[in-house]
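*Asks:* Here is how the chains run, residue by residue.
2 protein chains.
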Amino acid sequence: MSLEMHPTRWGDPARAAALPDTARGLVELVFPVTDRRVADGPVLLPAHDLSDLVLRDLAAVVGPEHVLTDDESRRLRTRGKSTPDLLRARAGDLSDAPDAVVRPSNHDEVQALLEVAVRHRVAVVPFGGGTSVVGGLVARRDGYAGVVSLDLVRMKGLLAVDPVSMTATLEPGLRGPEAEALLAEHGLTLGHFPQSFEFASIGGFAATRSSGQSSAGYGRFDALVDGLVVATPAGPIELGHAPASAAGPDLRQVFLGSEGAYGVITAVTVRVRARPEQKVYDGWRWPSFDAGADAMRTLAQAQLLPTVLRLSDENETALNLVDPDSIGGSSSGGCLMIAGFEGTPAAVSARRAAVSAVLEDLGAETSGEEPGRKWVAGRFDAPYLRDSMLDAGVLVETLETATYWSRLRRTYDAVSSALTETLGEPAMVLCHVSHVYETGASLYFTVAAPEGDDALGRWLGAKRAAMDAIVATGATITHHHAVGTDHQPWLEDEIGAVGVEVLRAVKRAVDPSGVMNPGVLVP
Amino acid sequence: MSLEMHPTRWGDPARAAALPDTARGLVELVFPVTDRRVADGPVLLPAHDLSDLVLRDLAAVVGPEHVLTDDESRRLRTRGKSTPDLLRARAGDLSDAPDAVVRPSNHDEVQALLEVAVRHRVAVVPFGGGTSVVGGLVARRDGYAGVVSLDLVRMKGLLAVDPVSMTATLEPGLRGPEAEALLAEHGLTLGHFPQSFEFASIGGFAATRSSGQSSAGYGRFDALVDGLVVATPAGPIELGHAPASAAGPDLRQVFLGSEGAYGVITAVTVRVRARPEQKVYDGWRWPSFDAGADAMRTLAQAQLLPTVLRLSDENETALNLVDPDSIGGSSSGGCLMIAGFEGTPAAVSARRAAVSAVLEDLGAETSGEEPGRKWVAGRFDAPYLRDSMLDAGVLVETLETATYWSRLRRTYDAVSSALTETLGEPAMVLCHVSHVYETGASLYFTVAAPEGDDALGRWLGAKRAAMDAIVATGATITHHHAVGTDHQPWLEDEIGAVGVEVLRAVKRAVDPSGVMNPGVLVP
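Residue numbers (this note's numbering), protein chains in the order written: chain A, -2 to 520; chain B, -2 to 520.
Among these hints, one or two may not hold up.
Note that identical chains are pooled: a pair holds if it fits in a single copy or bridges any two copies.
To be verified - Cut-off 25 angstroms, straight-line C-alpha distance, at most; resulting in silico cross-link-like pairs (SDA-like, lysine to any residue): (1) K371 to V158; (2) K276 to R348; (3) K504 to A411; (4) K371 to A157; (5) K504 to T470; (6) K276 to A351; (7) K371 to R137; (8) K276 to E362; (9) K276 to L16; (10) K371 to S346; (11) K504 to D490; (12) K371 to E274; (13) K504 to L73; (14) K276 to N317; (15) K371 to P81; (16) K504 to E489; (17) K504 to E366.
None of these hints come from the bench; they were simulated from the model.
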């Protein structure tokens, strides 16, 4: 399967499905269906800006065959996969295309490329899976001699495995399934399965603080990282001598989430686990979202979490059930929870029994294993469905946050209202909780609305309103999608003016000429 | 009980015990006993350096009654509690005494004090429990108009409790037992019990990345922190909107471990848990340190940890048993493990059964609950014993590190050899593992040797050799004691030249005039 994605849509064209009949029925029930299909063919790009001298210097590092300036290579590394990204590309706007794509094969080549970039003042955009949904791949162009996409596609090694300490050192260009396949040869798993899993890369997981669908059992990606190697314009930095340390600030946590603005992550040492011998995913039904969320909190605070724990709100539950009568109803179908268990049969059986007892005790009704099977089958498919919806004239986008348990309902209400009010009838807002902690949880919203005349403008307005609601209720501006360019206006709300100054100070120290992903993350 | 400690010894003078007879017997068996008792009476301090103008400006913030320049107040805030600190004080050297002690009552006063310090270029040393064992309270004096100890003794509030999210917001001056007492009124516990628990403060736990004896169950202190408020010379910073976030670098992890060099932590929001209804601590005996460590690894990697998990090596086990015949023997008495369980009776019983089954299966022999009771009774007493040993002419000091499981034996051997070789006969080196992770563990060494003529010089030589051995084997320079001034020569080995530049850059951003704890942490 191809790992390179066209800027107008998600994933492998061979897998792009037409809108399933059931979904189409639903959509037709709520929205006017229009034909907005676009051709995926070549679009004329602006000529690239780089001088022959720059191209020669880049080629001197990686070889001329790894400096690509053809339209197709540039087109396939243009922006990320947010709905605004897709809408712009669908409208023929590829103005953010990089001038060239360079493909280093190891840390030293990355380090040498950064020297070339500094020398010529060329902006560098590290490129892993190209799955950013926050504008993380749209570097500022003004003031630079050009923009280069630094594609990590040749850095796909499993550099080391320590089966005693249960760590593995991975190169950043490995996509999720590639990393899992290499680890599987050693009987190991990383256990990191975000929705972007099939395309997103190890370096991207680290640079954006990704969180996977099995975070309850395996932890967020930033919690899995024991060590990092980063190539910065100021030189390499290697961090991590032990699982934990008191040697001052934890600088791993500065480069985790640095989104390419501080350098290129060239190796990641992660905690791994034995591949699970057994996996089972149970469905549970709750009378309300609040009841389900309370149960999640009870499990988290009892340190009794399953490997996967998700809860859909009433709207999302209704849509997942493809039960057109329920749409828009507040709780007629209740709320679906998935509790999944992975591990040895003994561990699965013990944890499943303990969790099930708590859930039953709190009033859940079992739905058997069918909802879990359905979720597993479709867990990476939502972005394909979004393309089909866009083709049918329906705008679909997601956004997410996290907050403390005591504020969960307040943030849920405020964001839901902001979205429905700004998008107007007949917008649909769905939500689920997919990441839980002892002190709080994430909220992941999905929105669908007719594209209408100015889908991009209407969505950006709705997103602004939702972000303002998130900030007003004290929640975080992003739980696992990162800052990029899209969330930057709210970053000072998150970390304050002094926090922004700290980010800038680190930027000046490691990237004094400002070539690393300019305009992304650091305001 | 008094919470202010004399610079020559640990803790409350009323509790300072003479060396117990059994210990004295042991000491006499190995070391020449000499009388090195020192008087605790007043020592003449150098006159303070601060001008009336500075004192007036400080008093304008906190009131004149909270600006103390008397000898006793300054003496009680001189240095910390490392053995070198004690030896210097015992020799009558109090040259590091602060010029004044100021006692703010809230965040705004701290912020205002920092403005005064910047205006007059006065160095500020945040003071919580005064328990640093790494020279964290010895600010550089040259180039400053004086040194002020910013004592957080008046900031002891429980600012907020969120029983739904299970968080509490604590002021930094709360000592361990004071914080636990306030939380106990709400049925809650922090579960953080380092050896310094009785004197160390919440702010200090955060500023030094403390780790407690129950870290296996409750987590290290940095893992408990959800939110922080810090007063920096550049202004206040408030961090933490959710348990986890992808909003760029995690700046909480920059101020955790910042050791007063970036500002004063004025509030800490921590994850709390229900107070355990039951506590039980089992003793287990292993034929060797390696066998016990392997069992710890098995438990950690099966996510089956007790609340407390400790393993003494052969030497420490022999000494703990007060069995003079075993001293120096390599494995005659085997190795003692303590596995402690806290929580609801059901949780304790389930976890205890599961852990015990694994330990038995791996070859442990039960030692019943007596070793656990003994450990609980004496868990905070080692510093008192150190004073008695110093009084008897025996140098006692500790140092610690952490590394990955696959390197544990190598680091253990290298550090043990470095210490015994530099100290010479009849030095005694003991070690235990008290903090475990899936990928590695801590090593905590205790050293005893005759003081001889130049105890301070000999210890500093041994410490240098041990630190070099830690670095050479790839372990971290400190797992839970922090950097201070003592570990600073090895900080670049830990985080590299670029890492040091990042620390400096942050320092310039938040403390441009360099008044915060100068010379500590940041090289």
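*Asks:* Next step is simple, just say for each hint if it's right about the structure.
*Replies:* Results for each hint:
no.	hint	result
1	K371 to V158	neither (34 angstroms within a copy, 41 angstroms between copies)
2	K276 to R348	both (12 angstroms within a copy, 23 angstroms between copies)
3	K504 to A411	neither (34 angstroms within a copy, 38 angstroms between copies)
4	K371 to A157	neither (36 angstroms within a copy, 43 angstroms between copies)
5	K504 to T470	neither (30 angstroms within a copy, 32 angstroms between copies)
6	K276 to A351	both (16 angstroms within a copy, 21 angstroms between copies)
7	K371 to R137	neither (42 angstroms within a copy, 64 angstroms between copies)
8	K276 to E362	within (21 angstroms within a copy, 35 angstroms between copies)
9	K276 to L16	neither (29 angstroms within a copy, 57 angstroms between copies)
10	K371 to S346	within (21 angstroms within a copy, 37 angstroms between copies)
11	K504 to D490	both (20 angstroms within a copy, 22 angstroms between copies)
12	K371 to E274	within (20 angstroms within a copy, 41 angstroms between copies)
13	K504 to L73	neither (28 angstroms within a copy, 41 angstroms between copies)
14	K276 to N317	within (22 angstroms within a copy, 45 angstroms between copies)
15	K371 to P81	neither (29 angstroms within a copy, 64 angstroms between copies)
16	K504 to E489	both (16 angstroms within a copy, 20 angstroms between copies)
17	K504 to E366	neither (49 angstroms within a copy, 54 angstroms between copies)
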